[in-house]
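Visitor: Go ahead and model the full structure; you've got the sequences and the hints to work with.
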Amino acid sequence: MSPTPTQLLSYYVRSKPSAATEAAGAADVSRAAEHTKIIASAKTALRDAAYEGSLFSTPRFVVSPSRNPNAVLSPDPSASTVDFEWALNACDLESCLHRLRTEESAGLAAAARNCRLAEALFHAGRRDEALECGSRAFDIAGGDSHILDFCAWLFSNSGCHAEAAEAYRRLVSLRPDWTDGYRHASGSLAAIGAIDEAIAYALGASELARSSSELAVHAAELLQRAGRFDEAAAVLYSTAAEATPDPALLRVLSGVEMLRGRIDAALAAIEQAIADAPDRAEYHLHRAHLLLRRHDRPEAAAAIGEAAAIAPDDPAVRRARIALLAADGRLGDATALAGSLIHDHPEDEAAAETARHVLDLRRDLPEGDEIIVALGFRPKRPLRPQPGLLSRLATQRRVIRALIIRETRTRFGESKLGYGWAVLEPVLHISLLSVVFAIVMHGSPPIGSEFFVFYFTGLLPYHVFVHASGAMGFAITGNAPLLQLPLVTTFDVIVARGILELVTDVIVALLMLVGFAAVGLQAVPAELWTPATALAATAALGFGIGFVNAVVTVSVRSWDRIYAQVTRALYFCSGIFYVPGMMPDWVRDLLSWNPLLHAIDWFRSGFFETYQPHWLDRRYLLITVLLAVVAGLTLHAAFRRKLSEPL
Amino acid sequence: MISFDGVSKSYPTPYGRKAVLDDVSVVFAPGRNLGILGVNGAGKSTLLRLISGSEMPDRGRVTRYGRVSFPLGFSGTFHRSLSGRENVGFIARVYGASVKKTLAYVSEFAELGPYWNMPVNTYSSGMRARLAFGTCLAIDFDVYLIDEATEVGDERFRRKCAAAFRERTRSSDIILVTHNARTLRQYCDQGAVLTDGRLRLFEDLAGAFAHYRTLLAEAA
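Residue numbers (this note's numbering), protein chains in the order written: chain A, 1 to 647; chain B, 1001 to 1220.
Some hints here could point you the wrong way.
Unchecked claim - List time: in silico EDC-like cross-link candidates among lysine to aspartate or glutamate, alpha-carbon distance up to 16 Å:
(1) Lys1101(B) x Asp1140(B)
(2) Lys642(A) x Glu1111(B)
(3) Lys1100(B) x Asp1058(B)
(4) Lys1100(B) x Glu1086(B)
(5) Lys1100(B) x Asp1140(B)
(6) Lys1018(B) x Asp180(A)
Just so you know, the hints here were simulated from the structure itself, not pulled from any lab data. For clarity, every value in this text was computed on a predicted model and none was experimentally measured.
Guide: Set out below in structure tokens:
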């Protein structure tokens, strides 16, 4: 299995500094070796060819194949020319060289000899010696057009562009209508960086052959290099007007127009070029580039698509596709394509550059490895079904449990005593009541024999109701940030608070009962059913009112103060430290509208078997509880959407 | 996948109600990373809360087929007097994740040292951000929500987050709200533009950018 682009690119990125350089280095070395081999074999071939003396397609100073065996025997200095010919024909380059170095350097014939030997030396791969002879010829007869012609050829083919340029300059002045001379002069001048002069010669050449696309293109390219775009365009247009322009010219024209900022003209030119040569991928790419400049992305994509259809594996085409994907923000696809490009062209610098560009766009991730991980090959997750009722209930149970655990820590966590306060506070409260009333009332409580137990039975249901309904009232406003968690609903936070308060109160009650037993007070009721039911009803009442409070508090911010007054009034109206029977009938009738009074009396009736008040109306209490719960939940449901808004 | 079906949401402002969404029906496909563009005040954060489910629409219905995160790096749920450990434990319990594993991951990720067991109100903002990112990343969501405005912390941690986040995006989608086209380019392969109560979804980023540019040009 072939590696995925991900793996490849990841490999590339991980090894970027070392491996990429190594790869490039290795390529260089192998290229260099290849090159040396080619040169070596070429040298051999050339040496062989020099023997034959006829294999050069355009020999300049042809070595004559005729041989004069006598000449070498002749010691006569006047026969030096003949000797030279003989030595040259015998490919005795050393003796030729020696002769030319020592003989008097003058005259056209001597210059010609130098040229001949230079050519032979050049083809034998002895470039320096060839140049030595060429320069000698140039010095001897720098005004002769044939000598100049050869010297210019030798110099330019040996990379001595300055000398070649000088030779061509002289040639052109000798033959002012020689178009190729202008062209060659321009080329040599451009090679040594004399752009302006090169342009002058290029324009000269183009003037001489106005319909030549090649010359116009050459001049235009030089002008473009010099930043003279307008002139470049002018040259190209004038040539285009002479004859049907060939696609190469149109391509250069399009480039020049783009540089002039005339995108439409550039597009027109490249489209004409494509009409003539529709199978050139590079033209399509150039057109795509222009379209991108015009922000015409769909058309550009289409153009790149055509280029890809012509040359799908061409690195430039693939780079363009990558760039387009990257520009579209489709970095996953772009990275994948870049990966395959690097795989196919590991030593291509432009490919590496393109890949790096894509990786750069993903700069959110500094390290290559991480970038790779995120490519668009991830498996799709299966859709989760909508949670059913059971799973919703499970979630709710989980959330409420988490909320309760959290609340225990926040509510009791701030002081050192923590949860202890929750127990201590009602103990102190009951103790205070007991002491005060024991003194005031001189004797026994209204029922039972212990003040402690009496007040306990009054205060516990009161606390269960007030703590739950009060704490639930603050549930939404106090937990606003928590409601930012999508799973946490207002219902959950309200219920969690209520449950925590209820559980706390029950635990406190049990602890106190244990405490009573420990100090010898008879407090544990004969049966637990009645007090438990009564307490459950009280808690339900508290929950119902708690929901109402929670909803109202969101809209009426001072509600907590109003409700504090209500609870204070309830403290006195619920028969906590008295029994309703102690009151006048009309007061008791009035008080019996208070459901909490029934709750407390019901609870007490479970503790004191003899206490069975005739005004106790359990049905009234339960109806009130039902109404409160329905009212609370309805109110909550009605305002559910509003409650979910951040406060 | 998350679908909006005729969803409307508006807010009372001193100048009348401002519509964030007006009868919007749209489907956010799975397997795509969506970037939502919108100018400041367009209601991007509200939209994100509607997506997450922490807020309910005035009308219409939002359906989530998968677990959607709370906005990445949101530290508002932390209780100031609880320790980092306790806060993270709470989130783990809420999402039904293993408390032990989550705590181990976050304590390693957030690098809080001794502060791990100290109340959050003793934390620097950077520490709080580390805790928040760690917590969100510790839980396996199908869709992660990012509000670009969220502060991340120092450069080193930003990289760490990005790395961990990328790890998550191998199998999860992201929805990102931003007013910055560059951010969107980095993370997303699908774009949407929120404006004047309308949410337009584009198949590719290019379309979204073009539309967004036009809007900005009109506004200017």
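Visitor: When the structure is checked against the list of hints, which entries are broken? Sort them ascending.
Guide: 2, 3, 6
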